[in-house]
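S.K.: Given only the sequences and the hints, what does the whole structure look like? Please build it.
First residue of the sequence shown? That's 13 in my numbering, and the numbers climb one at a time after it.
Honestly, the hints are just simulated from the structure, not real lab data.
Some hints could be false.
[As the list claims (entries may be wrong)] The calculated label-pair distances, taken between Cβ atoms and stated as ranges, are:
1) Val29 / Val64: 23 to 31 Å
2) Glu81 / Tyr48: 41 to 49 Å
3) Val29 / Ala69: 22 to 30 Å
4) Glu18 / Leu75: 32 to 40 Å
5) Lys80 / Val29: 29 to 37 Å
6) Pro52 / Lys17: 53 to 61 Å
Note that the Cβ used here is the ideal one computed from N, Cα and C, for glycine as well.
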Amino acid sequence: MSEIKEILSEKWFWIIVLSLILILVGSMVIVLVIVYLPSPYNAILTILIIVVWGIAAAYKDWLKEKEKEYKES
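M.R.: Encoded structure:
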């Protein structure tokens with residue numbers, strides 16, 4: 013029982029729990045916004061999300077490649 017109290021008193025545990033809740037609630041809010049928007053705007057927002065997601069993925073890959081080059085040299 014003391015291990016549970018110790019875990020629940022950790023700051024990082026609550027940061028992780030709140031972050032996960034924020035990720036879940038945030039994605040649900042985005043889906044609801046897309047559903048409630050009028051017809052041309054929901055398509056535009058969906059395409060915008062896909063483009064931004066692609067840019068973020070490409071940037072992540074670029075950073076990994078730069079780190080790999082830095083470690084090799």
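S.K.: Taking the hints in turn, state whether each one holds.
M.R.: Here is what the structure says about each hint:
1. For Val29 and Val64, the Cβ-Cβ distance of about 27 Å falls inside the hinted range of 23 to 31 Å, so the restraint holds.
2. A hinted range of 41 to 49 Å for the beta carbons of Glu81 and Tyr48 is consistent with their spacing of about 45 Å.
3. At about 27 Å, the CB distance of Val29 to Ala69 agrees with the hint of 22 to 30 Å.
4. The beta-carbon spacing between Glu18 and Leu75, approximately 36 Å, falls within the hinted interval of 32 to 40 Å.
5. A hinted range of 29 to 37 Å for the beta carbons of Lys80 and Val29 is consistent with their spacing of about 33 Å.
6. Between Pro52 and Lys17, the C-beta spacing of about 54 Å keeps the proposed range 53 to 61 Å intact.
When each numbered hint is compared with the structure, no violation occurs for any of them.
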